[in-house]
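**Student:** Listed below, chain by chain, are the residues.
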Amino acid sequence: MAADNLPTEFDVVILGTGLSESVIAAACARVGQRVLHVDRRSYYAANWASFTFNGLLSWIDDNKQGGQSPEEVLDWSGKVESGEDILPLSTMDTSISNLEVFCYTSEEPEEDEEEKKEDATPISTLSPAPQSEGEEGNQATSPTDNRRNHEGETTLDILSESPPEQQDQEECAPLAEDQQILSSDGEPQGEEQLSGSAPTQAKKKKISYTKIVKEGRRFNIDLVSKLMYSRGLLVDLLIKSNVSRYAEFKNVSRILTYRQGKVEQVPCSRADVFGSKELTVVEKRMLMKFLTFCLDYEQHPEEYQDFTERSFWEFLQNNMLTENLQHFVLHSIAMVPRETHTEEGLRSTQHFLRSLGRYGNTPFLFPIYGLGEIPQCFCRMCAVFGGIYCLRHSVQCLVLDKESGRCKAVIDTCGQRISCSHFVVEDGYIREEQRKGVEHKHISRAVLITDGLLLQSESEQQISLVTVPPLEPGAPAVRLVELCSSTMTCMPGTYLVHLTCPSSGSAREDLQPVVSRLFTKPASAGEEGDGSDERPAVLWAVYFNMRDSTAADRSGYDLPGNVHVCSGPDAALGSDHSIRLAQEVFRQLAPHEEFCPPAPNPEDIVYDGDGGQGEGAGFSEAAQAEEGAAEEAEESKEKEASQESSPVEVGEMPDPPPAPLAEE
Amino acid sequence: MQFSIYIIAECNMKLMTRDDKSLLYNVGGKEGVLDEEVLLLTQQLLSSNPDFATLWNYRREILLHLETVRSEDEIQRLYEEELSFLEACLKVNPKSYGSWHHRGWVSTRLPRPDWARELSLCERCLSLDDRNFHCWDYRRMVVRVSGVPVDQELQFTDRLIGSNFSNYSSWHYRSTLLPLLHPGSPETHSHRVCEEQLLKEYELVQNAFFTDPNDQSAWFYYRWLLGRGVCVCMISCVYVSREGERVVVAFSRPALSVGLLLVVDGQPQQVNWRSAHPRLRHSPMWICDLPPGTISDTSNEHNLTVHWTERHTHRDCALYTGRSESWCRDSATDLELFRSELSVEKSSVLQSELQSCTQLLELEPQNKWCLLTIILLMRALDPLGYEKETLAYFQTLKEVDSMRTSYYSDLCSKFMIENTILKMEYAEVRVFSLCEKNLSTLCHLDQLLLVTHINLSSNQLLGLPPQFAMLQCLEVLQADDNAIENLEGVYHLSKLEEVSLRNNNITQLSDLKILTTCPRLARLDLRGNPITQIANIQSQLAELLPSITELLL
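Taken in order, these protein sequences are the chains called V and U. Take the first sequence: its letter number 221 is residue 221 in full-length UniProt numbering, and every next letter is one higher. Take the second sequence: its letter number 304 is residue 304 in full-length UniProt numbering, and every next letter is one higher.
Isolated chain U (complex conformation) (with noise of 0.2 Å):
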């Protein structure tokens, strides 16, 4: 205690002056004293400066020591007093972290609390700083502890919403009010809010972003009102492979592999799951190898079942006689997946959304908050209709907000991407051909589970990340013509024979050294690389890869 106090007090010596230098000595000296006279030294310190957080502490021990030999009354008293002293700091630096947290201390201590009091002194505080997160804090404990209705609770969203817009702290407190006063129906989504009142807030988010567009806040929430749930966590795909003796497990998103068990012909097998890449601990792809001759026989049938006890919820897939591998799996169709970010309302109100989005986009064209907002309606919509239109509000949003191209580009190609692969689904085909879209990322790579060959060529790739590896029924890798220089993800791709990468950014024989763990890779194109430069690379590579029998320098 002691100590502590003369650290803090050399920090802030230089801002005291000398009277409350004087003073804090004073107060060094009454160690381990809990009386009033140490109450009000401390006081004298507090009020000049509010953020000392020992003296606070000295305080609360204080008061602590005095609840025990005093009666009720001088206790309330006290505590009243200490209220007020309280309010006096609080207009010195209405943002003062000690300042707030004694005062829910003393709040929760007063033996007659006087919520209502608490309740308008936090009005004042926000009327003067609506965004003083402090006092939101702080008013949020008292709502919880006071008991103050819901309702009500949301009118005050109203009436500071109403005062100043610009005020992510109202909208997020409305956010978290909703769903328990106009909860959705059960069997959708509990958490969400039920259609009536989503109207209604759609036209008050509307009325502040027509009011001003440039202001997010409205936009955010406007985000969280079209948003929908996260989607529950199951197993969307099952595949086995004859031949490797593998079986595969997808699930929706990323989970553990905690409780994944895998029954083949109703035995409980041992086995080691591991993610399809050593760098991906929550995966949403697991991989197992079964014991040798399980499933090697092409003239047996099996039933395969695999149970998830976290989730409680398990997956079967039969493997019949005479085939190679066999999986049984939810498309991304059927689930509408890349509809998820958006809502599951009805069309039509998000067509009107789209409406009013487009008729301010006309009145704002430079407005990116608005254009993103209609890519994403389009996206909810119907992400196939819309690509063109989508690619060319993207050109615009990288025009308008150049700071953000990069991101404007990675969201770019994950919608190319989800485009493709439901193009696919619909073709049911393994072939996933995305030439030239400008992609500079990846993503969505579970989904590629099946697919045996990729085309990435000319995009502005500049690697294959780790979750590439999950492309298990890879063949052939076309990659030409893009920044490649990193090829982590082409890990334990057992089916792979064919990569191509001409003119891309390869430099060194390291950067190759992943590929040996694919064993059946033979043709390999590295054509425009860097590399080819480096002397004697040819016998290098034969040396490092001997399983290849067409290189291409």
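Pulled out of the complex, with its shape left as it was, chain V reads as follows (with noise of 0.2 Å):
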């Protein structure tokens, strides 16, 4: 909907367009609530987005230059009536902090046989002395290594307080002339002269960079990484709400650990024990045994009742379970942190059990096209029922009313007052003098993009959770999402790899011993790899922090009644805290109406056109599709593409995602 004719009074005007708030807008207008949904950003889902790898590279660019550019602030006085005060909002979104982006693809043919052993390590080769020996070519296959050089050469460091301009084009000189650093503006500017390089490149079936931009339309790369409990409340309320005919999910294929330097599979289900290689007959009985117990544990409690007040690893050891059962129930099943106290550390086993089974072998789904669909689904469903959608449109300011200290009304970037009786926003659009008693904690993020799996397989289309228990005391346990091409969200013959753990340091600093473990950099020109290294190579990778906002309590900002604050993604593997989030706000929004009762089917709405497409792709049904459901999956996208535009009588759609894949 054009920006400058939007209707004056709505009923809930909701800013930012995460999880939490596209649920509540699709609650909200289910029930008949006017909702007018708005997000500055020109894309939906805010941190939850996926984007093409075109997209994320624009993405970076906007966040390297710290947030998105100073709106031009308006004045609003003429709008302001008196008894009435203005709180203004934050124009800058600062969540995404630590931005950095590596390249290891990038390959010179005409460069000989000696300086291209160098090139992996990324930039090296283009200094003028190349630094390393080699020896260090082998040695320096991991970005652990770059950390020694990465100041000044090796990596464009994007941090979103650095004076960007002048720096970045400085760090990026060297290596604009035959390195694939991305431009300011996003694009990369290699491109034309590494089209020579293809050709080369194709011959040992290596993945270019520029094959990588080529087909970015490919890629679907999640901000936030996260996967859906198949028992979670996401997909409790995707179902119940019928929210859920307008996206695809896969099975996640397995769950992975790395223990004693080695990737491993972890048997969770009774098939996969049943199937392992590794367990012994009586470590399968106590495993089992053991999962038997937390699947009801609450029945039992003489079983764990001493160890209420002692931790979940005492637990274990105390159940006679192998370290290696130790390791695989800790990190990888309950995958909390050994000092958890037993009964958490039994609910966490227990929720993840619970969800095992009912759509396959893990606890898990994934929604094909990346996590970004889902609170895309959620906007549609608001929209059918009469929500209204602007993308690239704002709040200035809130208009409060001062008697009564509530918010009256908003006004639009457009200077446009809009009243409403309760106004949703997302906490990266408050002031830090709203926020003053909130705490933030920060997400470590590292999107990888990788040319082989973690751990080979029959089948080259997994899709694995990996568990990295703490490198070292005290550091973070690492979660990784290995994504195949089938996923939709990376190109063939790649996969994405997502890494995330709560920061104590940088993303880099927090991340980087673990991808240096387990990845390699591709084998250059010359070296042909002598098999010894059968880790994948990462050919392109971005680090960067995310703003943690669910830690803050509600009464820790400084804002009316009628303001409901939502915190983005937090480093959970499931969604459950928004959802609950949602909830709650709902609750508060409209105390006596039901949270996203089930929306009728399309056949029972009146359509212009013929609707009811799509249904095929029921959430059960897909998430069973194996193999094929790729295909399946493009043409549903066809049709869920197609009737996007057939709903006009119920509501304003959203635009359509950015870039579909249909179009091709």
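The set of hints was computed from the structure by calculation and includes no laboratory data. Quantities reported herein were computed from a predicted structural model and do not represent experimental measurements. One thing to keep in mind: the hints can contain errors.
Stated by the list, open to error - Cβ-Cβ distance ranges computed for the label pairs, FRET-style:
{"hint": "1", "chain 1": "V", "residue 1": "594", "chain 2": "U", "residue 2": "120", "range": "42 to 48 Å"}
{"hint": "2", "chain 1": "U", "residue 1": "200", "chain 2": "V", "residue 2": "594", "range": "53 to 59 Å"}
{"hint": "3", "chain 1": "V", "residue 1": "262", "chain 2": "U", "residue 2": "330", "range": "26 to 32 Å"}
Said to hold, decoys possible - Straight-line distance between alpha carbons at most 25 Å, and here's what the computed DMTMM-like set of lysine to aspartate or glutamate pairs gives:
{"hint": "4", "chain 1": "V", "residue 1": "277", "chain 2": "U", "residue 2": "151"}
{"hint": "5", "chain 1": "V", "residue 1": "289", "chain 2": "U", "residue 2": "215"}
{"hint": "6", "chain 1": "V", "residue 1": "277", "chain 2": "U", "residue 2": "389"}
{"hint": "7", "chain 1": "U", "residue 1": "91", "chain 2": "U", "residue 2": "123"}
{"hint": "8", "chain 1": "U", "residue 1": "200", "chain 2": "V", "residue 2": "278"}
{"hint": "9", "chain 1": "V", "residue 1": "289", "chain 2": "U", "residue 2": "151"}
{"hint": "10", "chain 1": "V", "residue 1": "277", "chain 2": "U", "residue 2": "203"}
{"hint": "11", "chain 1": "V", "residue 1": "289", "chain 2": "U", "residue 2": "364"}
{"hint": "12", "chain 1": "V", "residue 1": "277", "chain 2": "U", "residue 2": "196"}
{"hint": "13", "chain 1": "U", "residue 1": "200", "chain 2": "U", "residue 2": "245"}
{"hint": "14", "chain 1": "V", "residue 1": "277", "chain 2": "U", "residue 2": "362"}
{"hint": "15", "chain 1": "V", "residue 1": "289", "chain 2": "U", "residue 2": "212"}
{"hint": "16", "chain 1": "U", "residue 1": "398", "chain 2": "U", "residue 2": "418"}
{"hint": "17", "chain 1": "V", "residue 1": "277", "chain 2": "U", "residue 2": "130"}
{"hint": "18", "chain 1": "V", "residue 1": "441", "chain 2": "V", "residue 2": "534"}
{"hint": "19", "chain 1": "U", "residue 1": "423", "chain 2": "U", "residue 2": "389"}
{"hint": "20", "chain 1": "V", "residue 1": "289", "chain 2": "U", "residue 2": "153"}
{"hint": "21", "chain 1": "U", "residue 1": "200", "chain 2": "V", "residue 2": "264"}
{"hint": "22", "chain 1": "V", "residue 1": "289", "chain 2": "U", "residue 2": "201"}
{"hint": "23", "chain 1": "V", "residue 1": "277", "chain 2": "U", "residue 2": "215"}
{"hint": "24", "chain 1": "V", "residue 1": "277", "chain 2": "U", "residue 2": "364"}
{"hint": "25", "chain 1": "U", "residue 1": "200", "chain 2": "V", "residue 2": "283"}
{"hint": "26", "chain 1": "U", "residue 1": "388", "chain 2": "U", "residue 2": "428"}
{"hint": "27", "chain 1": "V", "residue 1": "402", "chain 2": "V", "residue 2": "84"}
{"hint": "28", "chain 1": "V", "residue 1": "289", "chain 2": "U", "residue 2": "399"}
{"hint": "29", "chain 1": "V", "residue 1": "277", "chain 2": "U", "residue 2": "212"}
{"hint": "30", "chain 1": "U", "residue 1": "495", "chain 2": "U", "residue 2": "245"}
{"hint": "31", "chain 1": "V", "residue 1": "277", "chain 2": "U", "residue 2": "158"}
{"hint": "32", "chain 1": "V", "residue 1": "289", "chain 2": "U", "residue 2": "203"}
{"hint": "33", "chain 1": "V", "residue 1": "277", "chain 2": "U", "residue 2": "153"}
{"hint": "34", "chain 1": "V", "residue 1": "277", "chain 2": "U", "residue 2": "36"}
{"hint": "35", "chain 1": "V", "residue 1": "289", "chain 2": "V", "residue 2": "339"}
{"hint": "36", "chain 1": "U", "residue 1": "200", "chain 2": "V", "residue 2": "458"}
What the hints assert, rightly or not - Which chain U residues stay away from chain V? Per the calculated CB distances, all over 12 Å, these:
{"hint": "37", "residue": "49"}
{"hint": "38", "residue": "150"}
{"hint": "39", "residue": "161"}
Idealized CB from N, CA, C, for every residue including glycine.
With the hints as a guide, bring the two chains together.
**Tutor:** So, in structure tokens, the structure goes:
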């Protein structure tokens, strides 16, 4: 909807299109509230978004500049009446920091053998005097080694705080000539030069940066990496509300872990335990026995009551579990730190186990086309029920009634005054002054594009969750999600690896030790690789920190009572926090209404054309879909795209998601 | 045809919508018409209720008719449509007898069958419900007709078991495939599996029952693996009694007496074979009376041969001068008879199996499958050596699985009897004593042919079964302190002299009538039985059993 033509009265105005906000929007619209849903960004889902490769480059570029450029501040004094106060909102998004990009896949066909050895270490080839010796070429397979010299030349440091243009340009300068480093406008500059190198690389069957850029639309790179517990709140909500029809899902196919220097499969289901070659029969029994107990541990308090004050780790040790079983249960099934209390550990284990087997052999689902689909699905539901959407549109300030202290209206970026009875806003839009009592944590994230699976298997199409326990005491446990091309999040031949952990330092400090253990760099032109290193190579990587505002308490914000703050994503694997939050906010907005009751089937809604398409994309069916799902998914994506334009009668539709694949 | 349609129609009426009903009348009206219109009508009906056998029959008639008037390509197309229609029916009810049967029929009529498609259909169907036996049946048919190699089928079971091992069908299928793929050495048991493969199977099935010891499918398969084939049917014993002028032949397992011939000193004899008790038709023991005078002279030596033409086997027995009886037999110890339920594998293998089961039991002390398997393994290894442990495990079993106490009691009785027989054989005596063993049942009585004294006192027996009549040499029967109310098996025991049944549950005179068939019975002890309360019982008994000289009431 054209931004200058908005109605002036709504029940709820929602700013930000993250998961919680979108669920609230859908829930409100569903029960008949008039909803205006806006986002200052040009894309849906805020920090939950998924980007094509090129889209991600633009995003990197935007954030590198220290959030979005301040918007033109309009004078709103004319809109305010007497007895009213103004509460301005922040115009800067500062939730992303410590952004760093690495590219390892560039190769120069003209260079001779020796130099090629070097160029796997990013950029160092370009330095006038290659400083590494022959053997170092082999060792320097990991980004860890880059740490020494990244300052000056190897990386593109993008820090949100850094005064951008000048410094970056300097850093980029040596690279831009023949490395594919992103220029400030987010477009790969090296593309043209590199097109020459592409044939050589094709012969070696390596994937060049050019190729990645060229196939960039095949990527759907999530900013947050989460999976959906099959019996988690999100899945239940998707089913209950019928929103699931807007998306398709795949089962995560493997749970892996990193133990004693190796990546190995975690036996978590009955079939896994039965089939495991690593476990002895006695271990199988012990593990099954323990897991069966955890499924209904509340029924057997005598088993753990002595440990309620002690750690889950101690409890495991006491349960005759061998060391590797303790590892599996603690790090991969409960996914909690050692010092977690027994009951909490048991609860986590139970949550995992209850989700097992609902849709497949692991407890998790992943939405095809990436996590960013999920908030969009809820936005669509909201639009179907009359919600109005506006991207690249924000709220400058709130109009407060002096007497009641409540928010009466908002003034949008066009300076229009829009009255509302409730205002829902993402934490990122709140000015520092209003959240003095709020302490923020951070999430460390890395996204890697790699060339192979972490653990080889019969099928190349695997979606794996990999848990990496703290490499050293005090370090955080890191979670990896490895996505294959059939999830429609990366191009064939590559894998998308998401790393996540709660921050203790910058994302790279937190995550690079893990990356360097699990991955290598691509073999450069000369060395064909002696085959001893089976680790997949990282072709491209980005590190960043994202603010985790979930710890914030409502009372920490100095805001009117009818202004509801939604936190961004948290570091947890599931999305329960966001759903619970949405539910709470909805309860305040509409205390007597049902939260997301099932939407009627499309055939019950009056459409112009033929509605009712895309029902085949049912939740359970899609979850079971196997290899063939890729095509199916593409098909249904087309269907969805076509459906998008049809329900005009019932509601304004959101803009189509950025660059839908269907266009290809 | 018309009649049956209406019968079924009536039954199904309630389940049908009005549309379906009018369709049905249309079908009825088209009686005898074999064209595509009726095909369409029946299709509409069947798609709402695929379990309508008459309509499937009707369709088959039409299709058979069309086969005669259409070209092959048209027929192929017709049948292919039929297959897609059936697929839709199976989605409605994946366990419909009618649909699966019809599919089988169509597949065999199809001019150019596509078996790969059928296999993948089965695979999809089994992935939804891996215990759908209709689909299993159909699949076996497809495999047979299309000649899928055995090893591929074995991999198929690997896959199914891998995804969910609680699947009797897969395990069972495996048990039919393995002997074909890895046959045991021909001189031992060709229907068995070679040892190398057997060890792999042990490992597989152990993984299953360690993972989930309460899943019985794996345990059943394990029993199959440990078990050995049926024992060969042969003559295990020939017994001659000079005095009774009687020959008794025992078989290794119950059989009919067809083809049994007796030759005495080279002369075939015209004899009538009877089983030990009229109620036993298949009997492990057959008895004949010789013509009077054939062997009665103690100064003569006789050579007897029993031929069994049914099994192409025979057995000799010599009755020497001066001897009143003679026998020729295989003893239970020679044949390792009571080990036969479990494997013939080397005891080292069994020993290690026993170890892993004991290990599992330590983890799962309440697991009945594990307990039972341990008992069976112990029996296979050393029935006498493990007697104590076996009894203890039986006790635990009865506690953890109280629903099956009687079954365990019977099984335990059987093992105790086996053990006692073994001990008797080693001691080479003809006295059989099983006091205070908690016996609830009697078995292996054919092994007691030669026993002269039996003591079954202080058990929980309710009766002496017909098989008891196989104790042809029995002279003294002691069965005090049981709950015996039935003496059915004390039948024609020509040497029986003394019966003691103190403290049992004999209530009526008619219960004792059977004793009249034992001509030598002289002593009868009935103290502590309800029958003693009957007035005049003494005189009634004297009348019934005149041979008795000593009656204790």
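**Student:** Indicate, hint by hint, whether the structure satisfies it.
**Tutor:** Taking the hints in turn, this is what the structure says about them:
Between residue 594/V and residue 120/U the Cβ separation comes to about 44 Å, which falls inside the hinted range of 42 to 48 Å. Judged by the Cβ atoms, the range 53 to 59 Å given for residue 200/U and residue 594/V holds: they are separated by roughly 57 Å. Under the hint 26 to 32 Å, the C-beta atoms of residue 262/V and residue 330/U, about 59 Å apart, miss the expected range. Of the pairs offered as hints, the one joining residue 277/V and residue 151/U holds, with about 22 Å between alpha carbons and a cut-off of 25 Å not exceeded.
Between residue 289/V and residue 215/U the CA atoms are separated by roughly 13 Å; this keeps the pair inside 25 Å, and the hint holds. For the suggested pair residue 277/V and residue 389/U, the alpha carbons sit about 33 Å apart, so the restraint of at most 25 Å is broken. Of the supplied pair hints, the one linking residue 91/U and residue 123/U holds, its CA atoms being roughly 14 Å apart against a limit of 25 Å. Using a Cα cut-off of 25 Å, the hinted pair residue 200/U and residue 278/V holds, with the two alpha carbons roughly 16 Å apart.
Between the alpha carbons of residue 289/V and residue 151/U the distance comes to roughly 34 Å, so the proposed pair goes past 25 Å and is violated. For the given pair, residue 277/V sits about 11 Å from residue 203/U by alpha-carbon distance, which is consistent with the 25 Å threshold. Of the supplied pair hints, the one linking residue 289/V and residue 364/U holds, its CA atoms being roughly 9 Å apart against a limit of 25 Å. Simply put, residue 277/V and residue 196/U have alpha-carbon atoms about 19 Å apart, close enough for the 25 Å limit, and the pair holds.
Using a Cα cut-off of 25 Å, the hinted pair residue 200/U and residue 245/U is violated, with the two alpha carbons roughly 56 Å apart. Between residue 277/V and residue 362/U, the direct Cα distance comes to roughly 22 Å. Compliance with the 25 Å bound is thereby established for this hinted pair. In summary, the hint linking residue 289/V to residue 212/U is supported, as the alpha carbons are separated by about 9 Å, within the 25 Å threshold. In summary, the hint linking residue 398/U to residue 418/U is supported, as the alpha carbons are separated by about 20 Å, within the 25 Å threshold.
Under the criterion of a C-alpha separation no larger than 25 Å, the hint pairing residue 277/V with residue 130/U is consistent with the structure, at around 24 Å. Between the alpha carbons of residue 441/V and residue 534/V the distance comes to roughly 36 Å, so the proposed pair goes past 25 Å and is violated. Proposed proximity of residue 423/U and residue 389/U is supported: the alpha carbons are some 17 Å apart, at most 25 Å. Note on residue 289/V and residue 153/U: the hinted pairing is violated, with a Cα-Cα distance of about 33 Å set against a maximum of 25 Å.
Using a Cα cut-off of 25 Å, the hinted pair residue 200/U and residue 264/V holds, with the two alpha carbons roughly 24 Å apart. Note on residue 289/V and residue 201/U: the hinted pairing holds, with a Cα-Cα distance of about 23 Å set against a maximum of 25 Å. Simply put, residue 277/V and residue 215/U have alpha-carbon atoms about 20 Å apart, close enough for the 25 Å limit, and the pair holds. Among the hinted pairs, residue 277/V with residue 364/U is consistent with the structure: their alpha-carbon atoms are about 22 Å apart, no more than 25 Å.
For the hint pairing residue 200/U with residue 283/V, the CA-to-CA distance comes to about 19 Å; that is within 25 Å, so the pair holds. As the CA atoms of residue 388/U and residue 428/U are separated by approximately 23 Å, the hinted pair is consistent with the 25 Å bound. Restraint check: the Cα-Cα separation between residue 402/V and residue 84/V comes to about 5 Å, which is no more than 25 Å; the hinted pair holds. Between residue 289/V and residue 399/U the CA atoms are separated by roughly 22 Å; this keeps the pair inside 25 Å, and the hint holds.
Between the alpha carbons of residue 277/V and residue 212/U the distance comes to roughly 16 Å, so the proposed pair stays at or under 25 Å and holds. For the hint pairing residue 495/U with residue 245/U, the CA-to-CA distance comes to about 13 Å; that is within 25 Å, so the pair holds. The hinted pair formed by residue 277/V and residue 158/U meets the criterion: a straight-line CA distance of about 15 Å does not exceed 25 Å. About 20 Å separates the Cα atoms of residue 289/V and residue 203/U, which keeps this hinted pair within 25 Å; it holds.
Distance check on the hinted pair: residue 277/V and residue 153/U sit about 23 Å apart at the alpha-carbon level, within 25 Å; holds. With a CA separation close to 57 Å, the supplied pair residue 277/V and residue 36/U exceeds the 25 Å bound. Pair hint residue 289/V plus residue 339/V holds up; C-alpha atoms about 23 Å apart against a cutoff of 25 Å. Distance hint between residue 200/U and residue 458/V is fulfilled; the C-alpha atoms sit about 22 Å from each other, no more than 25 Å.
Distance to chain V confirms residue 49/U as a non-interface residue, since its nearest Cβ pair spans about 25 Å, more than 12 Å. Annotated as non-interface, residue 150/U keeps its C-beta farther than 12 Å from every C-beta of chain V; the closest such distance is 23 Å. The beta carbon of residue 161/U is not kept farther than 12 Å from every beta carbon of chain V, the shortest such distance being approximately 8 Å.
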